[in-house]
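Enquirer: Sequence:
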Amino acid sequence: MFEKTYTVTGMTCQHCVASVTEEVGEVDGVRAVNVDLDTGAVTVSSDAEVADEAVRSAVEEAGYTLAA
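In the UniProt record's numbering, the protein residues as written are 1 to 68.
Source of the hints: derived by calculation from the structure; they are not laboratory data.
This structure is a prediction, so every number in the text was calculated from the model and none was measured.
Check before you lean on any hint, since a few could be wrong.
[To be verified] Here are the simulated DMTMM-like pairs of lysine to aspartate or glutamate, each with C-alpha atoms no more than 25 Å apart in a straight line:
#1 K4 <-> E53
#2 K4 <-> E26
#3 K4 <-> D36
#4 K4 <-> E61
#5 K4 <-> E60
#6 K4 <-> D52
#7 K4 <-> E23
#8 K4 <-> D28
#9 K4 <-> D47
#10 K4 <-> E22
#11 K4 <-> D38
#12 K4 <-> E49
[What the hints assert, rightly or not] Computed spacing ranges between beta-carbons, pair by pair:
#13 D36 <-> R56: 13 to 21 Å
#14 E22 <-> D52: 12 to 20 Å
#15 T12 <-> A48: 29 to 37 Å
#16 T7 <-> E49: 15 to 23 Å
#17 T65 <-> G25: 14 to 22 Å
#18 A18 <-> S57: 14 to 22 Å
#19 C13 <-> A48: 30 to 38 Å
#20 C13 <-> E49: 28 to 36 Å
#21 D47 <-> T12: 26 to 34 Å
#22 R31 <-> E61: 18 to 26 Å
#23 C13 <-> D47: 29 to 37 Å
C-beta atoms are modelled at their ideal positions from N, C-alpha and C, and glycine is treated no differently.
Build the full structure now, drawing on both the sequences and the hints.
Expert: Here's what the structure looks like:
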């Protein structure tokens, strides 16, 4: 199992968390998404490595930004 943590900016509430979790969770291969609102950390668990660009696109679709 692969696990990678990203930092997302712009989240302010549990609705934000739910939006990011839903969008990132739809990326092919993603098994679980854990979002920490306080730190902006988004941990993605998958069976195989997931492309950073796929995660970035999902985060942007939810209306937020992946930190550089």
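Enquirer: Does each hint fit the structure? Answer for all of them.
Expert: Quick rundown of the hints versus the structure:
1. At roughly 13 Å between alpha-carbon atoms, K4 and E53 fall within 25 Å of each other, so this suggested pair holds.
2. A threshold of 25 Å between alpha carbons decides the hint, and for K4 with E26 the separation of about 16 Å falls inside it, so the pair holds.
3. Under the criterion of a C-alpha separation no larger than 25 Å, the hint pairing K4 with D36 is consistent with the structure, at around 14 Å.
4. About 19 Å separates the Cα atoms of K4 and E61, which keeps this hinted pair within 25 Å; it holds.
5. Simply put, K4 and E60 have alpha-carbon atoms about 18 Å apart, close enough for the 25 Å limit, and the pair holds.
6. At most 25 Å may separate the alpha-carbon atoms for a hinted pair to count; K4 and D52 meet this at roughly 9 Å.
7. For the suggested pair K4 and E23, the alpha carbons sit about 16 Å apart, so the restraint of at most 25 Å is met.
8. Distance hint between K4 and D28 is fulfilled; the C-alpha atoms sit about 15 Å from each other, no more than 25 Å.
9. Simply put, K4 and D47 have alpha-carbon atoms about 12 Å apart, close enough for the 25 Å limit, and the pair holds.
10. Distance check on the hinted pair: K4 and E22 sit about 17 Å apart at the alpha-carbon level, within 25 Å; holds.
11. With a C-alpha separation of about 18 Å, the suggested pairing of K4 with D38 holds against the 25 Å cut-off.
12. Restraint check for K4 and E49: satisfied, since their Cα atoms lie roughly 9 Å apart, inside the 25 Å limit.
13. Between D36 and R56 the CB atoms are about 18 Å apart, so this pair conforms to the stated range of 13 to 21 Å.
14. At roughly 19 Å, the beta carbons of E22 and D52 sit within the given window of 12 to 20 Å.
15. Distance hint for T12 and A48: a CB-CB separation of about 32 Å, consistent with the stated range 29 to 37 Å.
16. Separated by about 19 Å at the C-beta atoms, T7 and E49 satisfy the suggested range of 15 to 23 Å.
17. Between T65 and G25 the Cβ separation comes to about 18 Å, which falls inside the hinted range of 14 to 22 Å.
18. Restraint check, A18 to S57: a C-beta distance of roughly 18 Å satisfies the suggested window 14 to 22 Å.
19. Between C13 and A48 the CB atoms are about 32 Å apart, so this pair conforms to the stated range of 30 to 38 Å.
20. At about 31 Å, the CB distance of C13 to E49 agrees with the hint of 28 to 36 Å.
21. Restraint check, D47 to T12: a C-beta distance of roughly 32 Å satisfies the suggested window 26 to 34 Å.
22. Between R31 and E61 the beta carbons are some 19 Å apart, a value that agrees with the proposed interval 18 to 26 Å.
23. For C13 and D47, the Cβ-Cβ distance of about 31 Å falls inside the hinted range of 29 to 37 Å, so the restraint holds.
In this structure, none of the earlier numbered hints is contradicted; all agree with it.
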